[in-house]
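Using the sequences plus the hints, can you model the full thing?
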Amino acid sequence: MVEIVKSTVNRLEMRKAGNSVSQEAKLVKSKGSAENVGSSVKLNSLESQAAVKDMASAAPVDRENVNRIKDAIRRGEYPIDLDRVSDALMEAYKEMKS
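The numbering of the sequence shown is the working numbering, which starts it at 154 and goes up by one.
These aren't lab readings, by the way, just hints derived from the structure by calculation.
It is possible that some hints are incorrect.
Here are the computed lysine-lysine pairs in the DSS-like style, where the Cα-Cα straight-line distance is at most 30 Å [as the list claims (entries may be wrong)]:
(1) 247 - 223
(2) 206 - 250
(3) 206 - 223
(4) 206 - 247
Simulated restraints, written as ranges between beta carbons of each label pair [unchecked claim]:
(5) 244 - 220: 25 to 31 Å
(6) 215 - 240: 22 to 28 Å
(7) 233 - 200: 37 to 43 Å
(8) 244 - 216: 36 to 42 Å
(9) 226 - 197: 37 to 43 Å
(10) 203 - 229: 41 to 47 Å
(11) 239 - 219: 20 to 26 Å
(12) 247 - 207: 24 to 30 Å
(13) 245 - 215: 17 to 23 Å
(14) 197 - 230: 33 to 39 Å
All C-beta atoms in this analysis are idealised placements derived from N, C-alpha and C, irrespective of residue type, glycine included.
Structure follows, in C-alpha cells:
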C-alpha cells in the first residue's frame, strides 16, 4: 500500500513539474497576462481533482482479507510485532523526508 501511495505521489510531482514548465512557457509568451494566470490555477485544480478521483477509484483493498484480520485482532489471535511495525513506520517516514 505504501508503494502505491509513493508511486502516485511521484506521478503527481512529475505532472506538476511538467505542467509548471509548460505554464511558465505560456506565461512568457503572453507576457504574464492576468487571464492566463487565472486559467493555470483552474487547470492545476482540475488536474488535482482528477488525480484524487483516480486514486479513489483504484484503491487496492481486499475487503475480505481486511475483515478477516480485524476479526482475528478482536479475538486476540493476530500476532502483532510492535518493533517491526515501528521500524517500518520510521523507514517510511525517513524515505518521505528525503
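These are the hints, each one checked on the structure:
no. : hint                  : verdict
1   : 247 - 223             : 28 Å, holds
2   : 206 - 250             : 26 Å, holds
3   : 206 - 223             : 27 Å, holds
4   : 206 - 247             : 28 Å, holds
5   : 244 - 220: 25 to 31 Å : 28 Å, holds
6   : 215 - 240: 22 to 28 Å : 24 Å, holds
7   : 233 - 200: 37 to 43 Å : 39 Å, holds
8   : 244 - 216: 36 to 42 Å : 27 Å, violated
9   : 226 - 197: 37 to 43 Å : 41 Å, holds
10  : 203 - 229: 41 to 47 Å : 43 Å, holds
11  : 239 - 219: 20 to 26 Å : 21 Å, holds
12  : 247 - 207: 24 to 30 Å : 27 Å, holds
13  : 245 - 215: 17 to 23 Å : 21 Å, holds
14  : 197 - 230: 33 to 39 Å : 48 Å, violated
Checked against the numbered hints given earlier, this structure breaks hints 8 and 14; the rest are met.
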